[in-house]
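Engineer: Residue-level listing of the chains:
There are 2 protein chains.
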Amino acid sequence: MTELKNDRYLKALLGEPVDRTPIWIMRQAGRYLPEYKATRARAGSFMDLCTAPELACEVTMQPLDRFDLDAAILFSDILTIPDAMGLGLYFAEGEGPRFKNPVQTEAAVKKLGIPDPDAELRYVIDAVSLIRKELNGRVPLIGFSGSPWTLATYMVEGSSSKDFAKVKGMMFDRPDLMHILLDKVAQSVISYLNAQIAAGAQAVMIFDTWGGALTPRDYKTFSLNYMARIVDGLNRESEGRKVPVVLFTKGGSAWLESMATTGCDALGLDWTIEIAEARRRVGDKVALQGNMDPSILYASPERIREEVATILASYGQGSGHVFNLGHGIHQHIDPDNVKVLVDAVHELSAPYHGK
Amino acid sequence: MTELKNDRYLKALLGEPVDRTPIWIMRQAGRYLPEYKATRARAGSFMDLCTAPELACEVTMQPLDRFDLDAAILFSDILTIPDAMGLGLYFAEGEGPRFKNPVQTEAAVKKLGIPDPDAELRYVIDAVSLIRKELNGRVPLIGFSGSPWTLATYMVEGSSSKDFAKVKGMMFDRPDLMHILLDKVAQSVISYLNAQIAAGAQAVMIFDTWGGALTPRDYKTFSLNYMARIVDGLNRESEGRKVPVVLFTKGGSAWLESMATTGCDALGLDWTIEIAEARRRVGDKVALQGNMDPSILYASPERIREEVATILASYGQGSGHVFNLGHGIHQHIDPDNVKVLVDAVHELSAPYHGK
Numbered sequence: 001m002t003e004l005k006n007d008r009y010l011k012a013l014l015g016e017p018v019d020r021t022p023i024w025i026m027r028q029a030g031r032y033l034p035e036y037k038a039t040r041a042r043a044g045s046f047m048d049l050c051t052a053p054e055l056a057c058e059v060t061m062q063p064l065d066r067f068d069l070d071a072a073i074l075f076s077d078i079l080t081i082p083d084a085m086g087l088g089l090y091f092a093e094g095e096g097p098r099f100k101n102p103v104q105t106e107a108a109v110k111k112l113g114i115p116d117p118d119a120e121l122r123y124v125i126d127a128v129s130l131i132r133k134e135l136n137g138r139v140p141l142i143g144f145s146g147s148p149w150t151l152a153t154y155m156v157e158g159s160s161s162k163d164f165a166k167v168k169g170m171m172f173d174r175p176d177l178m179h180i181l182l183d184k185v186a187q188s189v190i191s192y193l194n195a196q197i198a199a200g201a202q203a204v205m206i207f208d209t210w211g212g213a214l215t216p217r218d219y220k221t222f223s224l225n226y227m228a229r230i231v232d233g234l235n236r237e238s239e240g241r242k243v244p245v246v247l248f249t250k251g252g253s254a255w256l257e258s259m260a261t262t263g264c265d266a267l268g269l270d271w272t273i274e275i276a277e278a279r280r281r282v283g284d285k286v287a288l289q290g291n292m293d294p295s296i297l298y299a300s301p302e303r304i305r306e307e308v309a310t311i312l313a314s315y316g317q318g319s320g321h322v323f324n325l326g327h328g329i330h331q332h333i334d335p336d337n338v339k340v341l342v343d344a345v346h347e348l349s350a351p352y353h354g355k
Numbered sequence: 356m357t358e359l360k361n362d363r364y365l366k367a368l369l370g371e372p373v374d375r376t377p378i379w380i381m382r383q384a385g386r387y388l389p390e391y392k393a394t395r396a397r398a399g400s401f402m403d404l405c406t407a408p409e410l411a412c413e414v415t416m417q418p419l420d421r422f423d424l425d426a427a428i429l430f431s432d433i434l435t436i437p438d439a440m441g442l443g444l445y446f447a448e449g450e451g452p453r454f455k456n457p458v459q460t461e462a463a464v465k466k467l468g469i470p471d472p473d474a475e476l477r478y479v480i481d482a483v484s485l486i487r488k489e490l491n492g493r494v495p496l497i498g499f500s501g502s503p504w505t506l507a508t509y510m511v512e513g514s515s516s517k518d519f520a521k522v523k524g525m526m527f528d529r530p531d532l533m534h535i536l537l538d539k540v541a542q543s544v545i546s547y548l549n550a551q552i553a554a555g556a557q558a559v560m561i562f563d564t565w566g567g568a569l570t571p572r573d574y575k576t577f578s579l580n581y582m583a584r585i586v587d588g589l590n591r592e593s594e595g596r597k598v599p600v601v602l603f604t605k606g607g608s609a610w611l612e613s614m615a616t617t618g619c620d621a622l623g624l625d626w627t628i629e630i631a632e633a634r635r636r637v638g639d640k641v642a643l644q645g646n647m648d649p650s651i652l653y654a655s656p657e658r659i660r661e662e663v664a665t666i667l668a669s670y671g672q673g674s675g676h677v678f679n680l681g682h683g684i685h686q687h688i689d690p691d692n693v694k695v696l697v698d699a700v701h702e703l704s705a706p707y708h709g710k
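As given, the protein sequences belong to chains Y and X, one line each in that order.
By the numbering used here, the letter at position 143 of the first sequence is numbered 143, and the numbering carries on one by one without gaps.
For the numbering used here, add 355 to where a residue sits in the second sequence, where the first one is 1.
Derived by calculation from the structure, the hints in this document are not laboratory data.
Among these hints, one or two may not hold up.
[Unchecked claim] To give an idea of the chain Y side of the interface with chain X (calculated C-beta under 10 Å), a few residues:
1) Phe67
2) Val167
3) Asn235
4) Ala254
5) Ser258
6) Glu274
7) Ile296
8) Ala299
We put the beta carbon where it would ideally sit given N, CA and C, even for glycine.
Produce the entire structure from the sequences given, and follow the hints as far as they go.
Structural biologist: Okay, here's the thing in structure tokens:
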């Protein structure tokens with residue numbers, strides 16, 4: 001494989017010295033970019049875009065051509081695994097994801113198999129290989145998956161949900177069944193992420209979008225527990241380098257200490273915690289990714305730079321910080337403001353790395 | 356005024372000894388009750404229900420006739436103040452609240468007046484008087500308002516919002532303007548709640564539904580700050596008793612210590628924190644209300660009782676706890692399960708009060 005020209009991102013995740021704080025942006029390939037919308041229109045449906053490796057590669061590269069980002073992230077959907085399990089993922093226009101066959105009975109849970117990533121998820125693995133080739137060592141490529149709990153919420157509800165009535169009903173009344181479901185999903189995530197790593201993903205991130213909807217007890221039992229199992233099951237070395245693992249529970253800032261004991265290398269933070277406090281709480285056990293409020297990108301360039309300065313100062317001296325938003329970028333953001341953000345992080349972070 | 360027959364709720368908020376842990380349920384008068392749906396159908400629109408004092412009184416009483424609740428809460432909407440300011444509140448079917456005239460410019464902010472509760476909000480004040488008469492001392496009546504920040508989110512966005520683009524845009528770019536807006540809303544809330552107290556509300560609660568969407572810094576500046584000002588401005592004594600004030604920021608469990616310094620009597624908790632930890636953090640500075648995951652009510656009676664037992668044990672011995680859900684009850688809950696909850700709280704809490 002080609003030598004990596006910019007490895008700030010990987011080094012920061014492992015707490016190794018860097019010259020600048022690296023930055024990437026959750027959902028950096030997305031609807032705020034006109035070139036993304038053009039490719040999306042050519043593709044047909046959103047799933048047509050995800051399942052065509054050359055188009056997924058094209059949109060993955062788009063933000064890198066505009067901004068001085070320190071990592072690329074595989075363009076895909078978090079619901080590819082349940083789709084490969086036979087749930088029939090589709091996107092109703094303006095309505096978010098839906099499944100034709102939600103998993104709501106004991107029989108449905110027991111029928112679920114573990115998808116073979118090289119067969120049913122081949123299109124993702126092919127996209128990873130293609131993107132790595134296209135990147136040609138420019139920046140590292142991040143692979144990802146949804147967390148078992150987060151995938152289970154969509155699988156049981158059959159769609160997005162506001163109150164999680166069905167999935168929590170199952171969790172509270174049939175915890176045995178919920179554990180069977182989560183166990184199958186966790187096994188699937190392990191083989192899926194290991195296949196991404198084998199195909200060239202240089203770091204992986206687990207998105208636990210809905211762990212924050214749980215009580216602290218239920219979070220540990222039904223979400224964190226399965227993320228820990230995934231961390232254990234991953235191949236953590238590839239191409240002679242360590243493959244860092246990042247866990248991100250939206251709304252999970254109260255639980256950083258327990259997240260840090262899973263063996264992961266870094267934690268994603270939303271913006272409801274000062275990054276200084278998060279650093280104090282996790283020590284140098286893990287690196288931190290985050291944590292600017294995505295809405296700051298609606299503000300003026302001056303205000304964006306000011307916020308970058310505040311977050312960098314809050315984290316303070318040394319490595320172990322990957323700058324990011326605390327959640328995915330909104331679709332109505334002006335791309336010029338993203339350039340302001342990315343450049344501000346590089347420019348203003350030098351003093352924190354002894355430069 | 357008639358003597359209060361059940362004052363457990365008021366005593367618990369002030370940390371005075373009680374025989375049982377009191378319970379009420381956020382949104383206890385609501386769509387999960389068939390009798391509510393019948394009144395709502397008779398009323399016409401949701402706002403027709405809110406603005407007719409005798410109907411608001413009728414639905415306020417309904418849950419008390421079914422369940423052994425320790426408090427009634429005024430049936431109303433959190434957006435009555437902006438409506439009275441001339442924003443034109445309406446409810447598009449199945450879409451949540453909307454304003455005809457959102458506040459998005461400097462001119463619009465500066466034009467806003469402070470509503471006179473005895474004029475533009477007379478229907479609410481009349482409902483309070485009527486409910487007090489109808490309660491006849493059975494249980495205390497809780498008055499309420501939205502927090503200034505939460506009201507401002509709807510006022511600027513013009514509707515519910517997922518990412519708060521407009522209101523955060525104003526906050527980040529024109530903090531001066533946002534402070535003028537929040538100041539006017541805070542003044543309005545003070546006179547509105549004082550009018551509710553004068554009409555018979557025996558405790559008041561401030562709902563900060565969207566404070567949890569802010570960073571810790573912005574929360575203090577733009578939400579907590581204005582709630583503290585309200586606490587300062589309220590008449591805290593009425594009918595020879597203290598009128599307790601409860602603050603509730605959904606998603607605010609990280610900020611309990613600062614919320615407790617506002618001079619309020621109690622804090623509402625969502626379910627993302629163990630109540631034992633919350634109690635440890637606030638000491639006996641304030642009482643605590645909460646904090647069962649509303650989705651537990653989808654589970655079996657046994658599981659509901661088990662969860663009640665866990666939360667009561669987590670809070671532990673002594674007064675200062677008002678049992679509640681961590682958010683409003685969902686509309687598809689079986690009312691029989693609510694009875695299980697209410698009875699379990701009374702039955703299982705006796706040992707924690709030396710009985």
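Engineer: Can you list which hints this structure breaks, lowest number first?
Structural biologist: 1, 3, 5
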